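Enquirer: In the order they appear, the protein sequences are chains S and E. Sequential numbering from 209 applies to the first sequence in the working numbering. Sequential numbering from 209 applies to the second sequence in the working numbering.
Since the hints were made in silico from the structure, they are not lab data. It cannot be assumed that every hint is accurate.
Intra- or inter-copy, both count: the list cannot distinguish identical chains.
What the hints assert, rightly or not - The list that follows gives simulated cross-link-like pairs (lysine-lysine, DSS-like), each with its CA atoms no further than 27 Å apart:
(1) K364 x K239
(2) K464 x K239
(3) K234 x K464
All figures in this text were calculated on a predicted structure; none of them were measured in a lab.
Number of protein chains: 2
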Amino acid sequence: MFEDKNQGRTPISQLGEFGLIDHLTKHIEIKHTSTIHGIGDDAAVIAPEEGMQQVVTTDMLVEGVHFDLGYMPLKHLGYKAVMVNLSDVYAMNATAKQITVSMAVSNRFPVEALEELYNGIQTAARLYNVDIIGGDTTSSTSGLVISITALGEVGKDEVTYRSGAQENDLLVVTGDLGAAYLGLQVLEREKQVFQANPNAQPELDNYTYLVERQLKPEARKDIPKLLKELEVVPTAMIDISDGLSSEVIHICKNSKVGCNLYEDKIPLDPQVISTCEEFELDSTTIALSGGEDYELLFTVKMEDFPKIKANPNLTVIGHITNEKEGMHLVTRANTKIPLVARGWNALTEEDS
Amino acid sequence: MFEDKNQGRTPISQLGEFGLIDHLTKHIEIKHTSTIHGIGDDAAVIAPEEGMQQVVTTDMLVEGVHFDLGYMPLKHLGYKAVMVNLSDVYAMNATAKQITVSMAVSNRFPVEALEELYNGIQTAARLYNVDIIGGDTTSSTSGLVISITALGEVGKDEVTYRSGAQENDLLVVTGDLGAAYLGLQVLEREKQVFQANPNAQPELDNYTYLVERQLKPEARKDIPKLLKELEVVPTAMIDISDGLSSEVIHICKNSKVGCNLYEDKIPLDPQVISTCEEFELDSTTIALSGGEDYELLFTVKMEDFPKIKANPNLTVIGHITNEKEGMHLVTRANTKIPLVARGWNALTEEDS
Chain S
209 MFEDKNQGRT
219 PISQLGEFGL
229 IDHLTKHIEI
239 KHTSTIHGIG
249 DDAAVIAPEE
259 GMQQVVTTDM
269 LVEGVHFDLG
279 YMPLKHLGYK
289 AVMVNLSDVY
299 AMNATAKQIT
309 VSMAVSNRFP
319 VEALEELYNG
329 IQTAARLYNV
339 DIIGGDTTSS
349 TSGLVISITA
359 LGEVGKDEVT
369 YRSGAQENDL
379 LVVTGDLGAA
389 YLGLQVLERE
399 KQVFQANPNA
409 QPELDNYTYL
419 VERQLKPEAR
429 KDIPKLLKEL
439 EVVPTAMIDI
449 SDGLSSEVIH
459 ICKNSKVGCN
469 LYEDKIPLDP
479 QVISTCEEFE
489 LDSTTIALSG
499 GEDYELLFTV
509 KMEDFPKIKA
519 NPNLTVIGHI
529 TNEKEGMHLV
539 TRANTKIPLV
549 ARGWNALTEE
559 DS
Chain E
209 MFEDKNQGRT
219 PISQLGEFGL
229 IDHLTKHIEI
239 KHTSTIHGIG
249 DDAAVIAPEE
259 GMQQVVTTDM
269 LVEGVHFDLG
279 YMPLKHLGYK
289 AVMVNLSDVY
299 AMNATAKQIT
309 VSMAVSNRFP
319 VEALEELYNG
329 IQTAARLYNV
339 DIIGGDTTSS
349 TSGLVISITA
359 LGEVGKDEVT
369 YRSGAQENDL
379 LVVTGDLGAA
389 YLGLQVLERE
399 KQVFQANPNA
409 QPELDNYTYL
419 VERQLKPEAR
429 KDIPKLLKEL
439 EVVPTAMIDI
449 SDGLSSEVIH
459 ICKNSKVGCN
469 LYEDKIPLDP
479 QVISTCEEFE
489 LDSTTIALSG
499 GEDYELLFTV
509 KMEDFPKIKA
519 NPNLTVIGHI
529 TNEKEGMHLV
539 TRANTKIPLV
549 ARGWNALTEE
559 DS
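Next comes chain S alone, as it looks inside the complex (with noise of 0.2 Å):
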């Protein structure tokens, strides 16, 4: 499971840098109509719909900070590079229609390596509708690097912030929270296993959900139709890319306002608990910092709850409250202790 199987070995260098972008992009098709020009020009060129206004990010995934190849297989990389990005479209209540695409590669990886990669980002474009409308590949002196910028659409009276959330409003999270990061933990002992004895068969059969969370999470498309469908615009929206409490704050933060997290509200699959139990972990500690979950996190009016309560994508787990009462986190025993953000950080990581 932990090795490449890659049969083929063709050396970057028998393409060349124009060679290569042409084989990995030749099968890219173009489906909105919105984007008038894809790749091969010095830009892509799209018309947005009138009065639609556009939304941009970008996010970029480095080996060894972001990825171990070692467990990550790189048409899931691929596909995780997009799921980020698009995550990050979704949490703005847009519609998600183009992405560019660049990677710094080094020679090391033959160009069925980069098949499989641009194979994960291909399926991650069909599967999520969007064009793939430009990009770079170049070389790198050591790692793999991606860098994926998203485009999409969204109403001005539709698009939604992390700061506009108001006092009782509610504080809703879709999905389940925490598996992403337990399947990263499943995997990081199964590579241990796995160094220490090469003959060694994965046991991942207990772990299934974490594992498929941590190697290919879904960003949330329907949400944004969902809300459209309920008549419900949030009154601020974030993506769990961090972990929950790191997300709480930033919309609290952002709209100036406080809040009461409910600790036995938070939703967890039942794999996570079972899990926790048996690696000795906190749920609630794994729910609230675990990050890469991807699920979106928002607040809407009070008026709003019957529209969203039979829903069993969506979790009411808070209020907000004004903001001299600070964010709390009101455990199973009552108790309200204050939030605080310690979600996964690359840079700080680097030095723990």
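With the hints as your guide, set chain E onto chain S.
Expert: Then chain E, alone, in the frame of chain S:
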């Protein structure tokens, strides 16, 4: 000259990822009315002017591949990283409006070094009137990687692709060619002198134009504006990043035409001519294959010749022929030799 004289050595970890981004971006101002929201949310929001098309381009610069910090000051690097992208926007006959900036940086850089880099990026943004609307700053396990995406606007009747050149069109180039490549040769030579004797002073007085073209290239922001004033819409356009011959071939192949390019018409700066003599290089070869000039190459209808002929920024260097006639350089001796692309190519160069 070749040493980093930075006094400050604040480690990145002292600020953390969020702190670093805040620190670097706190002075960024938004100038365009079309930029609704810049840095600080999941995505930036822009509202393109109605009826205008948007162009999107992205370019990645990798340490050890595209730049050598041994002679490239970080401020210049930041400036150049913006230019490389804006040049692609102008090559679509568009006005640049916004950029996003992503960087992967290793811990060996102190915060002060990144301030220098960002200073160059902000200087470029200010001078070229583009808003910095987003980005990502992350750690790297080794070198420095900068990925910039640029956005621009263009009227749908003015957007200029590589593919519109037609038989009998004139082939026009802006500025002069070959200087940036020679600047690199001069800097490489001085670096070797410096490495052999760290007390040696670099001798750059005779090469000021060349070195400046390499270290601080300027994208041709003035050209789309000039063309509009002259009421000329080019039939095809491309920016010269890989050398003139490579770009001429791109236009011809995309437009399915041939061309005759006249050696004696290629614009060269006197410093290029004298330095080519000193280095025993053929100046035509340097202009054809040197790259990194970031001038624009375009084609116009013959009837537009009177509008452009008096302009000192523009030089007619050839004309478009039927595809069957092929792509040729007509030498000073009036012989026709086939054009070949020997542009600067990051991926194949590694193996050469």
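Enquirer: The structure should be examined with respect to each hint, and the outcome stated for every one.
Expert: Going down the list of hints, with the structure as the test:
1. K364 x K239: For K364 and K239, both the intra-copy (24 Å) and inter-copy (20 Å) Cα distances are at most 27 Å.
2. K464 x K239: between (41 Å within a copy, 25 Å between copies)
3. K234 x K464: Only across copies: K234 and K464 sit 19 Å apart there, 49 Å inside one copy, limit 27 Å.
Of the numbered hints listed earlier, not one is contradicted by the structure.
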